[in-house]
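Student: Just so you know, we're using this note's numbering here: the sequence shown kicks off at 1 and counts up by one.
Take these hints with a grain of salt, some might be off.
[Unchecked claim] Distance windows between CB atoms, simulated: (1) Q20 - S81: 26 to 34 Å; (2) F17 - M80: 24 to 32 Å; (3) Y91 - Q20: 16 to 24 Å; (4) L72 - N27: 18 to 26 Å; (5) D63 - A39: 35 to 43 Å.
No lab work stands behind these hints, which were simulated from the structure alone.
We put the beta carbon where it would ideally sit given N, CA and C, even for glycine.
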Amino acid sequence: EEEAPTSPVGPVRHDEFIDQDVKDCLNEAIRDGAALKEAGKHMECFELYERACQSASALLPVDSDHRGRLQLSIARADSMSPDRGCAILRYAMDDVLRS
1 EEEAPTSPVG PVRHDEFIDQ DVKDCLNEAI RDGAALKEAG KHMECFELYE RACQSASALL
61 PVDSDHRGRL QLSIARADSM SPDRGCAILR YAMDDVLRS
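Based on the provided sequences and hints, a complete structural model is requested.
Tutor: Here's what the structure looks like:
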């Protein structure tokens, strides 16, 4: 039997349906965050990404793998430098959007 692909934060299930409002929330943050990162405003970008991950997480079902992954990424990113935190949250957002 084939193993599920894994990401740095555990196995990925690709059968989970993601509502458009979750996708919009994350896509908007990624779009707005690009300009902030470009300007070297990593803290602002980090805060934007964190808010988006919190919002997206709140829109997902409690037992959602993606919700757990977003929450875990937020917790991990909190202890990192803003630019590293941005990278972790961005990875988590991309992960959710790819499903």
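Student: Would you list, in rising numerical order, the hints stated earlier that this structure does not obey?
Tutor: none
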